[in-house]
Every structure is written in C-alpha cells, then in structure tokens.
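Engineer: Next come the chains, spelled out residue by residue.
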Amino acid sequence: MKPDGKVVLLGDVNVGKTSLLHRYMERRFQGTVSTVGGAFFLKQWGPHHISLWDTAGREQFHGLGSMYCRGAAAVILTYDVTNFQSVVELEDRFLALTDTANRDCIFAVVGNKVDLTDACACVPEAEDGHLSEKPISSSVPTKVKKQVRMDDAIAFYKKILKYKMMDEKDAPAAEKMCFETSAKSGYMVDQLFETVFDMVVPTILEQKAEGSSQTVDLHNYKTAKNTQPGCCR
Amino acid sequence: MEAEDLGLPPKGGMDLPEDGVDPPEQKISPGCTETGEDELIVALDKQVELSAAQNNGPLSVADGKVDVQEELSEAREESSEKDLSDSASTDNTLEDSCEFSRPLVMGGGPSEEEEVAAQPRPATHRDEDVTAESWRAHRKHVFVLSEAGKPIYSRYGNEEALSSTMGVMMALVSFIQSGDNSIRSIYSDDRKLVFVQQGPLVLVSVSSTLQSEQQLRQELLYVYDQIISMLTQASITRIFERKKNYDLRRLLTGSEKILDRLLNLVESDPCFLLGAVRCLPLQPPLRDSLGSLLQKAITPNLVFSILVARSQLVTTVQEKTVIDDCRLEPTDLHLLLNLIGATSAFQTGEIWTPICLPRFNPDCYFYAYISYLDADCTVCLILLSTDKESFYSVSDCKKRIEEGMRTQNYLQALSSGLKSPSYSVGMVGAPDLRHFIYKPLDIPDNYRQLPQFTSPELEGPYCSESERHRLFDLYHYLHSRIHSTLRPLRLIYHVAEKETLLAWVTSKFELYTCFSPLVTKAGAINILTKLLRWIKKEEDRLFIRYPPKYSTTPNPGKGSKGVRTDGAENGFFGGL
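In the order they appear, the protein sequences are chains A and E.
Under the UniProt record's numbering, the first residue of the first sequence is numbered 1, with each subsequent residue one higher.
Under the UniProt record's numbering, the first residue of the second sequence is numbered 1, with each subsequent residue one higher.
Source of the hints: derived by calculation from the structure; they are not laboratory data.
For glycine and all other residues, C-beta sits at the position ideal for the given N, C-alpha and C.
One should not assume that every hint holds.
As the list claims (entries may be wrong) - Among chain E residues calculated to face chain A with C-beta under 7 Å, some are:
(1) ARG250
(2) LYS257
(3) GLY349
(4) TRP352
(5) THR353
(6) SER416
Said to hold, decoys possible - Simulated crosslink set (SDA-like; lysine to any residue; CA at most 20 Å straight-line):
(7) LYS244/E - GLU59/A
(8) LYS399/E - LEU42/A
(9) LYS43/A - SER395/E
(10) LYS398/E - PRO3/A
(11) LYS498/E - LYS521/E
(12) LYS296/E - SER395/E
(13) LYS150/E - GLU59/A
(14) LYS143/A - PHE29/A
(15) LYS43/A - LYS521/E
Please build the complete structure, drawing on both the sequences and the hints.
Structural biologist: And the structure:
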C-alpha cells in the first residue's frame, strides 16, 4: 500500500512541527525533543492514505529537505509567532527546498505557539501597523510579545506564490492558507490539517486519473542522486 | 583501607603491585615531552604563588586557566576530607598519598553529593550560572570547542557564557602546540583535566571522579564520535577548512540533549567502559527465530538490521559483504542507541534519518530507519541502509517483520521478558554478592560478534544516584588498574569503605564483582566460583552465543536467497 499524497512540515528548529503533528495525531501535547532526520506518519483520510513527513528543523539535516519534499502535494511552512527570525528562516532556507515538490503543490503558512502570546486570534483585523497587544498588557510573566503578525504571514504567502510563479488567482487565497495555531492548547490544529488534507484530495484524484504514476515518486529518484556530497548512496 | 592480595584465586599469572604506589603513569602522559609539561607546571606554580593576573603573552593566558582551575579545586576542597596541600607540580609522593587516600575520598563522596543535590538546581543545565559555586562543584565538566577557540558544547551552563574559559583552554592547547608538542592532561590535587584534539575540534574534560586519564580520554572520544555520528568527519573537516571560525553550534542546535544524555550514560552504564553491548536475556529459540525473521525481511542496500528492547540488544543481522572486513562496532551501536533514546519516540511514526557510524566509517552516512513495534516504545527496530531513497522499501521490511512477529506472537514473548527490568543478582544465590559485571571473551565466532556483557539490576544500597555514582567510580577505578598501560593487573581485591570488590581478567572473561563489606577473601572466592557456575549455566540466555547467519550467505534452509548480492555490492561500495 503506497500513500496517495504527501504532506510535508517544514520550518526552523523549535517552532513546534513535531508538537503540531503530535497534537493532531495523538490528541495531546507532549514536550518533545529535537527531531532527527524526518519522521513518517500515515493518515487515513477518507479513502486515501496521506503520508505526513515531519522534518527536522536543524540545519544539520538541511540537505535532506528536498528529499522529503520530493513529489509533495502540500507543504506546511511553520514558524513561531514569538520569533520573527523563524519566518525569515522560512524564506531563506526552507522555501528553496520546495523546488522538488509537485508543480501544483499547496502551501500553508502556520504560526505556532500563539498560546504564549496574549492576543491570539484578533490579530488579522489589526491594520494600524502596530502589534495588537501593548507591552503593558503583557504583565503576566509567561506571556511574551508576539513578533509575527498575521499580515506578515500573508505577505510571506504571497511571496511564496511569486517564487513559485503562481498566479494569486489560481492559488488558494492567502487568508485561507495562513493559520495561527497552538499545539499546546490544540487551537486551530485540526482546522489546519483538515483544510490541507481536503485540498490535497483533488490532487490525489487527479493523479489517480492520470494513472497514479507519480504518487510518491520513487521513480524520479535518479535525478537527485548526487545532491549529498560525501555520502553513501 | 585498600588491600591488593597476592596469592588469591587459583588461576592466572598475576602481576600485582607490592604496594599502593603507582608509577608515574598518571603524571606525565606519554605523548608529552617533559619540557612541555614542565613549562606548564611552572606556569601553574607561578600562579598559585603570585595569584597575579597580568596579561603578557602565553604565560598569562595560562595564568587565567589556573584561576579557573584553582577555583574549581577550592570548591571541592571545602567539602572533601582529603588533606592535600601539594601543588600540581609535586611528583610521586603526591601520587602515593592520592593512592592511599582514595577510599577516603570515596567515603567523602556521597556527603558531598547530597550537599550539591540539596541546593536547588536550575531547570536545565543550560541555564546554569557559570559563576556559581554549584557549577564548579559538578563532578565532571566536558567542553567542546573549535580550534579557533569558539565554544561548541558545554555539559553545564551556556557555552556563550563560557567563551572566555574556552578561550583560555584553546590558548593552553596552542601554546603547547607552538613548541611542537601537545597537551594531554593537567593534574591538580583533586581534578584531572584531559585534553583531546580531534581534527579541528578540541575536547576537554575536567573531572573530580576517580577515573583514569585513559578513561576520561575514552569518554571524550565518545563525545567526539557522537558529534561525528551526526555530521560526519568529512563534513566537519570541510566546514572548518572553508571557515576557521565557523560556529558549529549552528549545525548542532538541538543536539545538546544527545550529548548530555551520552555523558550521563557514560557515567552510569558499563557498556561504554567495557566497549560491549548488553543483551536482553532471552531464551535462545526465541532469539533465533527473531534473528531469522530479520534475516528474511531484506531489501537491496539494507546493511544492518538491529532489534533492541529498552536499549538492550535482542538480535542483529548484517549484510554479508560488510562482515568480510569489519563488524558492527559496539561504540557505533551505543551512539546510535543514545541518539534514538534522546529523540521523541512515537509509536505511529517511522523515522528516516542520515546517521554516520564513526567507527565503521567516519566520513559516510547510513540512512537509518527507526520504528517502534509496541505501544510503549520499548521494542525498537533499526534498519540501516546505504540508499537514501529506500525509505519505502525499508519501511516495507518493517511491515514484514511486524507481521511475522504478530503471527508468531513474538512481541508478547518479548515484552513479558521486559516487564521485569533485567534480572536480580539474587538469582545467583549468593547473599553476599551485591552486583557484578561480566564480559565473556570466549564467545564462539568471536570475530564476527559484537562484544557483549551482562550485569544484574542495581539493587540494595545502590538505589540513589549518588550511591550508583560511587559504585561506578569504584568499578572505573578497578578497570583503570586492570587496564593500566604501565602495570596491567590480572586480579585486584579491593576493600573499600562500604563494600569489597574484586576484579579478575582471564583469557575467557573480564569480571567485576561487588560484595558486602564483611565478606572474607575465602568467602569472596567461593561466591566467585558460584557466580561463574551460574553464568555458565545461563550463558545461552544471557548472551548471543551464535549470531544469526549473514543475510546473504547462501545457506540452504535459512531462507536467504542471495538476491541482494549485486545491488548491495553496488550500493555499498559505491558509498565507500
């Protein structure tokens, strides 16, 4: 049984990729440790088997990213809302990895750890150019300042489309594909994965109609054989 | 306190020391000429006397180092019952007193441990205040830095905060190096500083344990190998060739836990000390069937199949072409298991990651498939392939193995063996025997077997961490005497304050035993005989006596059909 579609979680180290997946798959939050390489999960979605790849954010495993992304139907780019650098890293390091994904690959941009900030969901409306929460309001010591607004995510999403040379009209709307989640509380986690899976299904059906030649393709593997120097192949 | 008996057990030509005086083996290390060491010691002495901090050239850099060292020792001196005022430069006489005071120090150990434990510890070692007394009081510090003096790892405290300390360490290294020499160790009255340089990395251990310099060096090499297992030696060399002051932490973020865990394990698990793996005690028929199950579930480029349960080896199968030259090294397996242990365990997930087996080949990656077979994540299957793209075919092997285990009910059989953690020393039936470590040296087919050892659960007085540390300190000490390069021993009978220990090496085994303190010499020998008889009786269960055949050996009746020979050869040698 080969999986029908591939969804890959990408993002910098410690943004909570594994926690998100763990919350979704096992319905609980558990402190995790840094992932090595990538972890593979199989999710039954209706009649389809969707493979989920949770990748390591560590730079050490960077060379592998394109391998995990090969033939992906969807890529979930994850950042940490309390760390602006994590969005910058997405653009600098991770976007290029998606070159090996499907041409019509779907992108989702996810800001995790909103539970750490005081204002969670009310950000998209804030158009005043300031962070919606004020420093004084974050008097609770556990709350930290939110560094990435929804607008930033939407802007980044548009950048992705540009990079992929996709027309904004053809791609799913930015508002629909940008999420803010909390793996700790479970906030928006199910919505995220379910939206992505639902959008992957048409791709799967299309591929099946085409003769399912390129599901999760081990067939193109020769093209990428020499990407990792100094390795056993 | 310490007695080394001359005419003890029946066997083995013994080479026992007449007294407790150690030759200068611990003082000046072989690779270091006297000039180099002397210069350093002069520098040390000066600082001790003057305690001035002036900055002129290399000497004062050494001064800075001494500061650190002095502070380290002060912290220890207060609580230690030891009375040694000699400076680092004293020679053999110091060694004498050290030797004799050893049991005393051990007695003093636990109370000090408790003191330290009583202080509230920060949440993680990473956040520790490096200027605090408690930081200095740690039993063993380990630092890793680059040749440019950039901090890479510190066991306790933030590396950033320690950058000046590490700078001093590097200055010491390069100062000695400039005289065409290399620094290997510094001894103070209660600390050993051991330096290891491996390519562009420098590793330093600052220890107040009883471990020998050789053992500390070995530990540092384990740390180095663990780093290599994540990055490969070739890539580290390449990185530092391109950029001398590269910050290697970029590549190691998230890996600190793996190194932390390794250092804890090294102190508490004899597998590192003995260079041997611990096998899960199992009935031979079950182990054999699991082996043949692994042997059948193969795919091209799959080189090693390893089944472990709670970090204890169940069985392993390896590709024929590999074994011709080498075998899986215990170190590689330990490092791999440590890495897995430090990674999130999910039963539903299957991990696919590049991993280097440093002793096997430090420059290449294997691709490791890691999956747990039971809900509690205790039984773990590791499949090592040389083909990066073979995840799905390797995953398929796992499905076959899982299926086979299900139909035969092997998993139940395995997990019933896991319920009781290992076995109790009481099974030997010798009340005065508290604990032992036994490493057989006469396993059949030794050349293609992993070295193995067995050891019961720690019980009785060794329940607390400090007591366990104390016992392992003693084992480390016995091991260092047995394996001393200058005066190796075959047998050592050691009466410590709270227990009596006996270590014995023959051509057939290496054995460390711990008895209650009141055991007599004759009593200990009797128990030993009993223990050896018990092990003989149980050896089929305790050890992998006959390893599974290679997965490609054309061996009729064993199920392998030699399908892999072509593909495997290509993949494997291509990688080398």
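Engineer: All hints are to be evaluated individually against the structure, with a verdict given for each.
Structural biologist: Each hint tested on the structure:
1. ARG250: Constraint on ARG250/E satisfied, holds at 5 Å.
2. LYS257: Holds. Min distance 6 Å.
3. GLY349: Since chain A brings a Cβ to about 4 Å from GLY349/E, closer than 7 Å, the hint holds.
4. TRP352: With a minimum Cβ separation of about 5 Å from chain A (threshold 7 Å), the hint on TRP352/E holds.
5. THR353: holds, 2 Å
6. SER416: violated, 26 Å
7. LYS244/E - GLU59/A: holds, 19 Å
8. LYS399/E - LEU42/A: holds, 13 Å
9. LYS43/A - SER395/E: Holds - the C-alpha atoms of SER395/E and LYS43/A are around 15 Å apart, at most 20 Å.
10. LYS398/E - PRO3/A: holds, 16 Å
11. LYS498/E - LYS521/E: Holds, because 16 Å separates the two Cα atoms, which is no more than 20 Å.
12. LYS296/E - SER395/E: Given pair LYS296/E, SER395/E holds - Cα atoms ~14 Å apart, limit 20 Å.
13. LYS150/E - GLU59/A: holds, 18 Å
14. LYS143/A - PHE29/A: holds, 19 Å
15. LYS43/A - LYS521/E: Distance ~64 Å between LYS43/A and LYS521/E Cα, so the pair is violated.
Of the numbered hints given earlier, the model fails hints 6 and 15; all others are met.
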